[in-house]
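Residue 243 in the working numbering sits at position 243 of the sequence shown; the count goes up by one each step and never skips.
The hints are simulated quantities; they were obtained by calculation from the structure and are not laboratory data.
Hints should not be assumed to be uniformly reliable.
Below, computed lysine to aspartate or glutamate pairings styled on DMTMM-like, alpha-carbon distance capped at 25 Å [unchecked claim]:
(1) Lys189 / Glu245
(2) Lys227 / Glu176
(3) Lys135 / Glu58
(4) Lys135 / Asp46
(5) Lys230 / Asp213
(6) Lys189 / Asp112
(7) Lys230 / Glu219
(8) Lys218 / Asp185
(9) Lys195 / Asp213
(10) Lys227 / Asp214
(11) Lys135 / Glu38
(12) Lys230 / Glu201
(13) Lys227 / Glu245
(14) Lys95 / Glu43
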Amino acid sequence: MGSSQRQAAFVAIGLVVIASLVIIYLFNEPHRRSSAEEEKLTESVDRGMAIFSQFCVECHGPDGSAQGRRGVPLNVALNQEAGTAWDQREPVLRKTIERGGPTIMPAWGQADGGPLSEQQVTDVLNLIHSGDWAKVDAYVLSQHGGVAPTPPPVPTSAASPISDPLAQQGQQIYQEKCAACHSIDGTPKTGPSWKGLYGHEVTLEDGSTVTADDAYIKESILQPGAKIVKGFAPVMPPFQLSDDEINAVIAFIKTLQ
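All chains should be built: construct the whole structure from the sequences, respecting the hints.
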């Protein structure tokens with residue numbers, strides 16, 4: 001075999017090897033891409049689980065069932081359907097998380113004044129759609145000392161009678177929108193307790209103090225990130241209450257001395 005023939009043979013062998021490698025790559029690429037997407041989804045679900053444990057468990061329960069709580073169940077089959085069903089449901093859930101609902105559900109999206117970025121909202125949605133709720137339940141318990149956080153008991157007129165109609169309205173608003181994060185008996189929750197709040201000095205995270213008067217409470221409802229109370233995370237989303245509703249809440253807080 002002459003040198004030119006050997007060279008041609010080497011080239012042919014090289015082309016065969018390259019072609020084989022290309023075929024192997026093309027054969028494995030869908031699997032590799034699928035594995036990467038699955039890993040990315042798993043990481044997103046895990047992040048969503050941490051967010052759920054911090055912000056959502058008090059209303060939706062550690063296992064997403066919302067049993068005995070104020071939120072709606074999330075661990076339902078409807079939320080884990082694939083294809084077109086989820087494609088239609090996902091935007092509705094996203095809007096609800098980002099903008100809140102008509103009653104107790106506040107706005108969590110940053111665009112609406114909440115603490116969650118668009119990616120964090122997506123992580124929560126991936127948890128709702130693809131998460132293992134038994135795993136979520138175990139994780140929540142591990143993060144809260146073995147006991148899932150529960151909303152404070154709903155106050156009753158027998159326990160703390162209120163005669164002022166405006167304060168009664170504020171009590172109702174508290175039950176619907178605020179009780180999951182603020183107690184009225186001094187118990188620390190996600191946010192400061194309302195017991196003895198009105199008229200007292202509040203220490204902020206920067207070391208300054210402010211008196212909890214009408215103006216402070218109104219600002220805390222509409223712009224909760226403006227003044228962060230020391231010892232609490234800046235996680236409260238804004239509540240778009242009317243002036244009358246805010247005045248009612250203030251009237252109720254005044255009764256909690």
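Hint-by-hint comparison with the structure:
Taking the CA atoms of Lys189 and Glu245, the gap is about 23 Å. The hint holds against a cut of 25 Å. The straight-line distance between the Cα atoms of Lys227 and Glu176 is roughly 24 Å, inside the 25 Å bound, and the hint therefore holds. With a C-alpha separation of about 17 Å, the suggested pairing of Lys135 with Glu58 holds against the 25 Å cut-off. For the proposed pair Lys135 and Asp46, the alpha carbon gap of about 10 Å is at most 25 Å, so the pair holds.
Using a Cα cut-off of 25 Å, the hinted pair Lys230 and Asp213 holds, with the two alpha carbons roughly 17 Å apart. Distance hint between Lys189 and Asp112 is fulfilled; the C-alpha atoms sit about 23 Å from each other, no more than 25 Å. Simply put, Lys230 and Glu219 have alpha-carbon atoms about 16 Å apart, close enough for the 25 Å limit, and the pair holds. Distance hint between Lys218 and Asp185 is fulfilled; the C-alpha atoms sit about 21 Å from each other, no more than 25 Å.
Pair hint Lys195 plus Asp213 holds up; C-alpha atoms about 14 Å apart against a cutoff of 25 Å. Between Lys227 and Asp214 the CA atoms are separated by roughly 14 Å; this keeps the pair inside 25 Å, and the hint holds. Among the hinted pairs, Lys135 with Glu38 is consistent with the structure: their alpha-carbon atoms are about 17 Å apart, no more than 25 Å. A distance of roughly 12 Å separates the Cα atoms of Lys230 and Glu201; the hinted pair therefore holds under the 25 Å criterion.
Distance hint between Lys227 and Glu245 is fulfilled; the C-alpha atoms sit about 21 Å from each other, no more than 25 Å. The suggested pairing of Lys95 with Glu43 holds, with an alpha-carbon distance near 23 Å, which does not exceed 25 Å.
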